[in-house]
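**Student:** Starting from the structure of chain F, add chain Y where the hints point.
Chains as they are written, first to last, in our numbering: chain F, 1 to 120; chain Y, 1 to 279.
If you're looking for bench data, these hints aren't it; they were derived computationally from the structure.
A couple of the hints might just be wrong.
As the list claims (entries may be wrong) - Per label pair, the in silico range of CB-to-CB distance:
#1 F:Gln-102 with Y:Ala-138: 23 to 33 Å
#2 F:Arg-55 with Y:Trp-53: 29 to 39 Å
#3 Y:Trp-53 with F:Thr-38: 47 to 57 Å
#4 F:Lys-73 with Y:Leu-47: 37 to 47 Å
#5 Y:Glu-29 with F:Thr-119: 36 to 46 Å
#6 F:Thr-119 with Y:Ala-132: 41 to 51 Å
#7 F:Ala-110 with Y:Pro-42: 47 to 57 Å
#8 F:Val-113 with Y:Lys-279: 17 to 27 Å
#9 F:Trp-116 with Y:Ala-265: 44 to 54 Å
#10 F:Thr-119 with Y:Asn-4: 22 to 32 Å
#11 F:Arg-108 with Y:Ala-41: 49 to 59 Å
#12 F:Gly-69 with Y:Leu-54: 42 to 52 Å
#13 Y:Ile-176 with F:Ala-110: 15 to 25 Å
Claimed, not checked - Taking beta-carbon pairs under 10 Å as the criterion, some of the chain F residues facing chain Y (in silico):
#14 Leu-34
#15 Val-44
#16 Asp-47
#17 Phe-79
#18 Gln-84
#19 Tyr-87
#20 Leu-89
Computed from a predicted model, the values in this text were never measured in an experiment.
Beta carbons are placed, not taken as given, at the ideal position from N, Cα and C, and that holds for glycine.
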Amino acid sequence: MRNKALMQMLAASALLLPAAAALAHEPVAKCVLLDESTVRCRGVSNDGDEFADARMEVFALDGQLLHEGKLGKDATMTFTKPQQAFYVLFDTGPGLQVTVEQEEILPRPAGRVPSWMRTP
Amino acid sequence: MNPNPLTLSHLGIFVVSLAGFFALALATERHSEQLLGRIAAPSWRLLSRIAGWLMLAVSLAWGIRVLGTGIGITLWLGWLTLASLAWIFIFPKWPWQPPVREKPARKAKDEPAIVVPSPRLRRRIAALLLIATVAVFAYQLRQTDPRLLSREDTVQGTVGPWTFVLGEAERDTPEIMEMDIPVKEYRLRFCEQCDADILQAYLKVNKPRSTRAIGMAFMGQRWERRAEIPLPGTVNADSELWLTVVGKDGTVHQTSMPLAKVSPATVAWFEKMRGRDAK
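Extracted from the complex, chain F is given alone in its bound form (with noise of 0.2 Å):
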């Protein structure tokens, strides 16, 4: 990885970019319906990169843990989509963390979408 320690130098000494405080690596994801009763989520750094051994977890709205497992293929884990209300955690780390409620979780958009989202 030493071109990314490069390019946090560069970015920190460079003094161009005041604004960019994209170097903590925070955690962002998000989910999309592949059919009715499949969803997959996709969670990386919100500077795209992807987090080795990430795990994500799925929650029912009264605490129970549904579905946990370690981020596959473009970064993704994709379950069945389950009966109850859920809703998705992505814990990187102490203060990094993001959550997808269910309401969030939307097909696929119409037209070119990008390839995580493509199945299989």
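**Tutor:** Using the frame of chain F, we list chain Y on its own:
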């Protein structure tokens, strides 16, 4: 070994700029003679000039695409420097150069050199660009408020026994990050006496579903804690920003405030985007 795609992009940018500079060198009389042994035909030189600039443009586009505008341009300039330096050191050692011609001794300058009319327009454009750089920098500097929590648009509130001030780092629309996810940065300060009692503070949009799903933690110095949170696509005028604060004594306190009050421009942006999608 599985090469990192980012490493490959850096290599690609470097190789394309190397090729671009080589084509540009071929386009000049001096270097085309040195590299080919003869001066290339004008049409060929024009072609290689176009190709050269095109390749430099491609490497710039590549850099911006992979690394983003700011870092992309900066690193592209870095690779250009390395590529041109590489040719500077390679050209003198170029193995296929023609034998050095005997050059007549230079005549002493007894007649005045031909005066080239100064390219005034070009010089003015260059000066204008220099001024523009300083002007844009000064404008940005003015827009950046170093004491942002003393601004008028911050929100004051109480969470448990503690009072706080919360504000957005930038008042405009959210920054769009990976996977088109809008991200917003916030700053938070507790009252001076409160600070000593506080272990950690967390922020998220929508009510936390559990004691674990409380959002991103604030980082940085305690008098200006900062957190960058992703915004859900469901943000609307009723969305709430939830602050969870954990005290050093283990107590947990929560409060919420309308997102529209803290980030009016952001909520308006979501409504606008929704209106556009509906069309």
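**Student:** Each hint: holds or not?
**Tutor:** Structure-based check of all given hints:
1. F:Gln-102 with Y:Ala-138: 23 to 33 Å: violated (47 Å)
2. F:Arg-55 with Y:Trp-53: 29 to 39 Å: violated (48 Å)
3. Y:Trp-53 with F:Thr-38: 47 to 57 Å: Once the Cβ atoms are compared, 49 Å apart, the range 47 to 57 Å for Thr-38 of chain F and Trp-53 of chain Y holds.
4. F:Lys-73 with Y:Leu-47: 37 to 47 Å: Hint holds: Cβ distance 44 Å, inside 37 to 47 Å.
5. Y:Glu-29 with F:Thr-119: 36 to 46 Å: Since the Cβ atoms of Glu-29 of chain Y and Thr-119 of chain F sit about 58 Å apart, the hinted range of 36 to 46 Å is violated.
6. F:Thr-119 with Y:Ala-132: 41 to 51 Å: Roughly 49 Å apart at Cβ, these two residues keep to the hinted range, so it holds.
7. F:Ala-110 with Y:Pro-42: 47 to 57 Å: Holds, at about 52 Å.
8. F:Val-113 with Y:Lys-279: 17 to 27 Å: holds (20 Å)
9. F:Trp-116 with Y:Ala-265: 44 to 54 Å: With a Cβ separation near 30 Å, Trp-116 of chain F and Ala-265 of chain Y fall outside 44 to 54 Å, so the hint is violated.
10. F:Thr-119 with Y:Asn-4: 22 to 32 Å: Since Thr-119 of chain F and Asn-4 of chain Y have Cβ atoms about 27 Å apart, the given range 22 to 32 Å holds.
11. F:Arg-108 with Y:Ala-41: 49 to 59 Å: holds (54 Å)
12. F:Gly-69 with Y:Leu-54: 42 to 52 Å: About 46 Å separates the Cβ atoms of Gly-69 of chain F and Leu-54 of chain Y, which means 42 to 52 Å holds.
13. Y:Ile-176 with F:Ala-110: 15 to 25 Å: Holds - the Cβ-Cβ distance for Ile-176 of chain Y and Ala-110 of chain F, about 20 Å, lies within 15 to 25 Å.
14. Leu-34: violated (16 Å)
15. Val-44: holds (6 Å)
16. Asp-47: At 6 Å from the nearest chain Y Cβ, Asp-47 of chain F passes the 10 Å test, so the hint holds.
17. Phe-79: violated (18 Å)
18. Gln-84: Not OK, violated: Gln-84 of chain F not within 10 Å of chain Y, min 13 Å.
19. Tyr-87: holds (5 Å)
20. Leu-89: Check passed: Cβ of Leu-89 of chain F comes within 5 Å of chain Y, closer than 10 Å.
In summary, the numbered hints that this structure violates are 1, 2, 5, 9, 14, 17 and 18.
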